[in-house]
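For the sequence shown, this note's numbering gives the first residue as 1, with consecutive numbering after it.
It is possible that some hints are incorrect.
[Unchecked claim] The calculated SDA-like cross-link candidates involving lysine to any residue, where the alpha carbons are at most 20 Å apart (straight line), are:
1. 556 - 454
2. 247 - 171
3. 540 - 400
4. 540 - 508
5. 48 - 60
6. 293 - 282
7. 247 - 328
8. 551 - 508
[To be verified] Using C-beta positions, here's what the derived DEER-type ranges look like:
9. 383 - 571: 36 to 44 Å
10. 112 - 360: 20 to 28 Å
11. 326 - 481: 40 to 48 Å
12. 357 - 46: 19 to 27 Å
13. 281 - 36: 26 to 34 Å
14. 594 - 349: 17 to 25 Å
15. 383 - 89: 35 to 43 Å
16. 285 - 120: 34 to 42 Å
17. 391 - 336: 37 to 45 Å
18. 528 - 470: 18 to 26 Å
Calculated from the structure, these hints are not laboratory results.
Just so you know, even glycine gets a beta-carbon here, dropped at the ideal spot from N, CA and C.
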Amino acid sequence: MAVSTFECIFSEQMMKLFGAKKAQAAILAGKHKNVAFAEFVNLPSPYKHADKNRPNVDEYVARIAEMRRNPVRMLQEAAQTLISHNSLILKSEVRLELADKLLGQLYPVFILYVRELAKSNSSLPESKERAAELIACIDVIEQLAMCYKHVFKQDFSIKPRQYKKQQQRLYTCGFRVLELIRIGQRFRAWRYQKLPHSEWQDCNQIFFSLVLHNDVTEQHQLLGNIGAYVRSAQGDTAHMRRSSVQKLYMSIQFNGILDLTAWPLRLFNMSTAYLETYSHDIKIEADDHQALKPGWLITFIGNSMPPLFQRYEKMPIPAIRINYVELFKRLMHDHEELAKMRFLDSDDAGKLSKPLTELNDADQQPFIELMLLALQKRERKEKRHAVFEQEHLRVYFGFNNVQRLLRDYFYANSNQKKQATSQKFEDALAGSSSALASDFSNSQSSAWKTENFSSGGMLLTTESTNFTQPIQVGQLVSVVVQTEEDAHPKKKRRSRQIEAKKETALPIIGYVCRLGHQNEKLIEVAIVRLTNFVEHATIKADNKELFEDIKVILHKDFDNKWKVIIPSEIEMVSGFPCHLVRANGDEIRLRLGDLWLNKSEFSVFSASSPDLMANG
Numbered sequence: 001m002a003v004s005t006f007e008c009i010f011s012e013q014m015m016k017l018f019g020a021k022k023a024q025a026a027i028l029a030g031k032h033k034n035v036a037f038a039e040f041v042n043l044p045s046p047y048k049h050a051d052k053n054r055p056n057v058d059e060y061v062a063r064i065a066e067m068r069r070n071p072v073r074m075l076q077e078a079a080q081t082l083i084s085h086n087s088l089i090l091k092s093e094v095r096l097e098l099a100d101k102l103l104g105q106l107y108p109v110f111i112l113y114v115r116e117l118a119k120s121n122s123s124l125p126e127s128k129e130r131a132a133e134l135i136a137c138i139d140v141i142e143q144l145a146m147c148y149k150h151v152f153k154q155d156f157s158i159k160p161r162q163y164k165k166q167q168q169r170l171y172t173c174g175f176r177v178l179e180l181i182r183i184g185q186r187f188r189a190w191r192y193q194k195l196p197h198s199e200w201q202d203c204n205q206i207f208f209s210l211v212l213h214n215d216v217t218e219q220h221q222l223l224g225n226i227g228a229y230v231r232s233a234q235g236d237t238a239h240m241r242r243s244s245v246q247k248l249y250m251s252i253q254f255n256g257i258l259d260l261t262a263w264p265l266r267l268f269n270m271s272t273a274y275l276e277t278y279s280h281d282i283k284i285e286a287d288d289h290q291a292l293k294p295g296w297l298i299t300f301i302g303n304s305m306p307p308l309f310q311r312y313e314k315m316p317i318p319a320i321r322i323n324y325v326e327l328f329k330r331l332m333h334d335h336e337e338l339a340k341m342r343f344l345d346s347d348d349a350g351k352l353s354k355p356l357t358e359l360n361d362a363d364q365q366p367f368i369e370l371m372l373l374a375l376q377k378r379e380r381k382e383k384r385h386a387v388f389e390q391e392h393l394r395v396y397f398g399f400n401n402v403q404r405l406l407r408d409y410f411y412a413n414s415n416q417k418k419q420a421t422s423q424k425f426e427d428a429l430a431g432s433s434s435a436l437a438s439d440f441s442n443s444q445s446s447a448w449k450t451e452n453f454s455s456g457g458m459l460l461t462t463e464s465t466n467f468t469q470p471i472q473v474g475q476l477v478s479v480v481v482q483t484e485e486d487a488h489p490k491k492k493r494r495s496r497q498i499e500a501k502k503e504t505a506l507p508i509i510g511y512v513c514r515l516g517h518q519n520e521k522l523i524e525v526a527i528v529r530l531t532n533f534v535e536h537a538t539i540k541a542d543n544k545e546l547f548e549d550i551k552v553i554l555h556k557d558f559d560n561k562w563k564v565i566i567p568s569e570i571e572m573v574s575g576f577p578c579h580l581v582r583a584n585g586d587e588i589r590l591r592l593g594d595l596w597l598n599k600s601e602f603s604v605f606s607a608s609s610p611d612l613m614a615n616g
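All chains, please: the whole structure from these sequences, using the hints.
What follows is the structure in structure tokens.
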């Protein structure tokens, strides 16, 4: 029976899970406080009696299994079957039988799509077929979880004796709900979507309800490895496919903190690998009602988002704190070792954490920096401004496109007409997220729009189509604000000699920090701005035999410090001396300083040169 209020304290046995003293036994639930347990958001109340003549479970499952040659149709039909059953008044045994048998049929379909997704570097562009597959997976996963939530709610009791009567079934249902939430979280991340508020609340309901009975550590069989770390092709053993409610819960919490919408797809599995390998570095403790120190998080039973880096006034109870100090220290150690290896041009993998050694060298530092950034409290410093009158934008993705744009910008402003007209076709494409459009309306909807901006970045939106250009997290990007004349030139006869136009403002340079789907069609691209001043340049080695000339980007950051953006395929180290040829042809001596930013597509070094200082 579901419980709506709770007016007792947790047992001393339960509190051992958090290493708390006897005096703290009332911390989690609170004494004489109304606390709702086993209450789920958006869970439909069964209101219809089942038709006596309806097919039995095996008949439903057999009918769905016949559709395996059309996986999307199979998933959709299963979701419809579950929707109808979730509104019926049924015995718990019948619900579990249906959910378990359908999962047996559907999980191989999930695996099929996961393997396909693992081969891609980006979910954008997202074809209609890919969108239909992912949406069908997410929908049926939600309905499967509802089946288990119904049973959990029906069987749950705060009274220990009543709980023990259904302990095994309650634990299994709670475990399965969390596993399905984690699988759904991963499928949503592949669409650059976050877990909905309702799923966060239900996740916390399951965990805190089981914590009430100190029943979160029992090992249980996983359905498979989706959302888990697969160590090798032969590593899918029974032992590796076991987990617990507590481990699943913590995995979901940290996936939310890391925000996989800000990650390249190829690193999704590596974040899971790091967290699973060092899960012993993460501890759960009772809330002490004190201000949180760095390396701590807090969450509570009604929380509808990932754990918080700081508490707020009158925070609901029960609540727990999550201590990840040791995990953060391990990440910092890896960051320092990578910096040493890069500076000394050495390869001592034995000093790195095991998961890091499975990554390509080029991905190791970006991975560690993503982890460290996500696990620190961040506050927006710049004021964000909404945009009501849309400007006409041209958006260029990728280092080569940005470097060419800066070159042509300089030539246009220097009246060098020949070079200024070299990128007409690319300019036309940059005004839209899609290379092709079937009609005028599609062309208009795929135009780039500014949602909001600040001095530190901007948020762009566009409509996703089958022809949307590839976009990846970590890509270098440039945004050009067009004038009305540039965007809609008047029809007039032009001479063969095209006059170069003067640009009125420098292109905005940054990188893609996050992607997201606002709805089924609209995508958003969040950009971190890098610079106030920027120009194209070339690096030449003192010794011509070392390497050929390298096209780079010279820029001055918001603190008026000079930096150089270099393609990631070019291996450079701090302290490297070279010649820099600026856009105007001036050649200066330059030494690369510290590595300031490292992304999969480019690296940013600080630049040291008396000539740069003299020129301001």
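_Run the distance test for residue 48 versus residue 60: straight-line Cα separation, threshold 20 Å._
19 Å, holds
*asked:* The hint says 40 to 48 Å between residue 326 and residue 481; measuring C-beta to C-beta, is that right?
replied: At roughly 47 Å between Cβ atoms, residue 481 and residue 326 fall inside 40 to 48 Å, so the hint holds.
*If you draw a straight line from the CA of residue 540 to the CA of residue 400, is it 20 Å or shorter?*
18 Å, holds
*Between residue 540 and residue 508, does the CA-CA distance stay at or below 20 Å?*
26 Å, violated
*Mind checking the alpha carbons of residue 551 and residue 508 for me, to see if they're no more than 20 Å apart?*
It holds: about 19 Å lies between the C-alpha atoms, which stays within 20 Å.
*Given the range 20 to 28 Å, decide if the beta-carbon distance of residue 112 to residue 360 lies inside it.*
26 Å, holds
_Range hint 17 to 25 Å (beta carbons of residue 594 and residue 349) holds or violated_ = The hinted range 17 to 25 Å holds for residue 594 and residue 349, with Cβ atoms some 23 Å apart.
*How does the Cβ-Cβ distance of residue 383 and residue 89 compare with 35 to 43 Å: does it lie in that range?*
Between residue 383 and residue 89, where Cβ atoms are some 54 Å apart, the hint is violated.
_Quick check on a hinted range of 34 to 42 Å for residue 285 and residue 120, using CB atoms only._
Holds, since residue 285 and residue 120 (Cβ atoms, about 40 Å apart) stay within the stated range.
*residue 247 and residue 171: Cα distance at most 20 Å?*
This hinted pair holds, its Cα atoms lying about 13 Å apart.
_19 to 27 Å as the expected CB spacing between residue 46 and residue 357, which holds or is violated_ = 51 Å, violated
*Is the straight-line distance between the alpha-carbon of residue 293 and that of residue 282 20 Å or less?*
15 Å, holds
Taken one by one, the earlier hints fail for this structure at numbers 4, 12 and 15, listed in ascending order.
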